[in-house]
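> Given next are the chains, with one letter for each unit.
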Amino acid sequence: MNTDRFEELLGRLLDDELSLAEGNELAAALRAEPARLRELRQHLSLWELWSQQQAPERSTDAFLAACRTRLRAEREGENFLTRLKERISRDSTKSKRPTHLAWAASIALVIAATAIVLWQFAAHPSTEIMIALQGEAVCPACVLHEGHEHVPALRVRKDGATRVYYLDPSPALASQQGYFCGGPTPVKIEGKIHRVGDRDRLAVSQIELPSTTKQ
Amino acid sequence: MNPPPPDCFDSLVREHQAGLRAYIRALGALDVWVDDLAQEVFLVAYRRHAHFEAGADFGRWLRGIARNLVLNERRKSARRSRLLQASIVDVLCTEEENQPTAPTPAEPVLHAMADCVAQLPARSRELLQRRYAESNDATALARTFQLSAAAVRQTLVRTRSAVRRCIEGKLGEAWQ
Chain A
0 MNTDRFEELL
10 GRLLDDELSL
20 AEGNELAAAL
30 RAEPARLREL
40 RQHLSLWELW
50 SQQQAPERST
60 DAFLAACRTR
70 LRAEREGENF
80 LTRLKERISR
90 DSTKSKRPTH
100 LAWAASIALV
110 IAATAIVLWQ
120 FAAHPSTEIM
130 IALQGEAVCP
140 ACVLHEGHEH
150 VPALRVRKDG
160 ATRVYYLDPS
170 PALASQQGYF
180 CGGPTPVKIE
190 GKIHRVGDRD
200 RLAVSQIELP
210 STTKQ
Chain B
0 MNPPPPDCFD
10 SLVREHQAGL
20 RAYIRALGAL
30 DVWVDDLAQE
40 VFLVAYRRHA
50 HFEAGADFGR
60 WLRGIARNLV
70 LNERRKSARR
80 SRLLQASIVD
90 VLCTEEENQP
100 TAPTPAEPVL
110 HAMADCVAQL
120 PARSRELLQR
130 RYAESNDATA
140 LARTFQLSAA
150 AVRQTLVRTR
160 SAVRRCIEGK
170 LGEAWQ
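Each protein sequence line maps, in turn, to chains A and B. Under numbering that gives the first Met the number 0, residue 214 is the last one in the first sequence; the count climbs by one each step, no gaps. Under numbering that gives the first Met the number 0, residue 175 is the last one in the second sequence; the count climbs by one each step, no gaps.
Isolated chain A, as found in the complex (with noise of 0.2 Å):
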């Protein structure tokens, strides 16, 4: 391969244009010749510690934050099976009692507990209320073609109707970018919903998305 093809390729690959046949070629190239292997290898490096340094969602600290934030999640979640774990067995120990009045505590409970809520966004509508949402992370630039702010958001399709929200930007979701980049791809998200504009915007406060709840 000469020079002038071998750049072509390699840039093509460092600007993630390759096409498939283009990948095999360069394949082809590499195995043949090693300092062609070790230049590729160069670039790869260099331009990503280009990358970190210059783009800021991608800084030691924000690298930082999205670690600790994905610790947290696993932590928080081996918590939370442990005490359903611990509040299954209380509750096993405690099914000698009559159940009809664990029934009639439980329905006054949620009927309460209801009437609270109503009653607090009848007084204040415009309280934002903590909500969860399913649906896919998406960016606006590489999923949805709505230019080219690359951004991470999510789309909820239901009864036919599509909606997207825009998440509030932070340093731990600016490092997930990729997620949404790569999406369309499933993710739970709680926040509170404020409007921005004509924007529906989330503000995150727990996501999940496949990495973080696996292993």
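For the record, the hints were derived by calculation from the structure and aren't laboratory data. Glycine included, C-beta positions come from ideal geometry on N, C-alpha and C. Some hints here could point you the wrong way.
Claimed, not checked - Listed below are the simulated DMTMM-like cross-link pairs for lysine to aspartate or glutamate, each with C-alpha atoms no more than 25 Å apart in a straight line: (1) B:Lys169 <-> A:Glu38; (2) A:Lys187 <-> A:Asp167; (3) B:Lys75 <-> A:Glu207; (4) A:Lys157 <-> A:Glu145; (5) B:Lys169 <-> B:Glu72; (6) B:Lys75 <-> A:Glu16; (7) B:Lys75 <-> A:Glu73; (8) A:Lys157 <-> A:Glu75; (9) A:Lys191 <-> A:Glu16; (10) A:Lys191 <-> A:Glu56; (11) B:Lys169 <-> A:Glu6; (12) B:Lys75 <-> A:Glu145; (13) A:Lys191 <-> A:Glu145; (14) A:Lys157 <-> A:Asp199; (15) A:Lys191 <-> A:Asp14; (16) A:Lys187 <-> B:Glu106; (17) B:Lys75 <-> A:Asp14; (18) B:Lys75 <-> A:Glu21; (19) A:Lys187 <-> A:Glu56; (20) A:Lys157 <-> A:Asp197; (21) B:Lys75 <-> A:Glu135; (22) B:Lys75 <-> A:Glu75.
As the list claims (entries may be wrong) - Label-pair restraints from in silico Cβ distances: (23) A:Gln133 <-> B:Ala101: 28 to 38 Å; (24) B:Glu106 <-> A:Ile192: 37 to 47 Å; (25) B:Ser160 <-> A:Val163: 53 to 63 Å.
Starting from the structure of chain A, add chain B where the hints point.
Below, chain B without anything else, positioned relative to chain A:
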């Protein structure tokens, strides 16, 4: 064994993240997935800290975890892989197995890189800035610079090669 305290975890992440991300990219991760994979490596390291031998090279241990993660990903027939296409990843991973790379010295490389980029013509510097700081692709850059996408790609190729040669000249064997 108790997990490492949060301060300790933070300082380990700070110390190793840049080189680890560069390593993962050089194994064939797609650029948008590098951070995700690197975070997974740190989570695995946190979970398996008891397996780490005191006094051993922590960076090397992390790179081992990263390599396994990439190889596992390569074996999966996922519809949406986090890696470059298989033929390229195979070449990169095989080479890494045969001739493991020394960790990229992030600080000196970035230092040399800043010098080399500063020597570029203003337009090339701006092109790099918009490509990497603002994550613009060739099509978006073509609009900004009123060039064809092909011309942008060619300029990027030449600029990147010039920077790599400049760094190699500055660092010599330290970057082999």
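> All hints, please: hold or fail.
Outcome of the hint check:
no., hint, in the structure
1, B:Lys169 <-> A:Glu38, "holds (16 Å)"
2, A:Lys187 <-> A:Asp167, "holds (15 Å)"
3, B:Lys75 <-> A:Glu207, "holds (22 Å)"
4, A:Lys157 <-> A:Glu145, "holds (21 Å)"
5, B:Lys169 <-> B:Glu72, "violated (36 Å)"
6, B:Lys75 <-> A:Glu16, "holds (22 Å)"
7, B:Lys75 <-> A:Glu73, "holds (23 Å)"
8, A:Lys157 <-> A:Glu75, "violated (30 Å)"
9, A:Lys191 <-> A:Glu16, "violated (37 Å)"
10, A:Lys191 <-> A:Glu56, "holds (23 Å)"
11, B:Lys169 <-> A:Glu6, "holds (22 Å)"
12, B:Lys75 <-> A:Glu145, "violated (32 Å)"
13, A:Lys191 <-> A:Glu145, "holds (24 Å)"
14, A:Lys157 <-> A:Asp199, "holds (16 Å)"
15, A:Lys191 <-> A:Asp14, "violated (36 Å)"
16, A:Lys187 <-> B:Glu106, "violated (38 Å)"
17, B:Lys75 <-> A:Asp14, "holds (24 Å)"
18, B:Lys75 <-> A:Glu21, "holds (22 Å)"
19, A:Lys187 <-> A:Glu56, "holds (22 Å)"
20, A:Lys157 <-> A:Asp197, "holds (20 Å)"
21, B:Lys75 <-> A:Glu135, "holds (22 Å)"
22, B:Lys75 <-> A:Glu75, "violated (28 Å)"
23, A:Gln133 <-> B:Ala101: 28 to 38 Å, "violated (45 Å)"
24, B:Glu106 <-> A:Ile192: 37 to 47 Å, "holds (43 Å)"
25, B:Ser160 <-> A:Val163: 53 to 63 Å, "violated (40 Å)"
Checked against the numbered hints given earlier, this structure breaks hints 5, 8, 9, 12, 15, 16, 22, 23 and 25; the rest are met.
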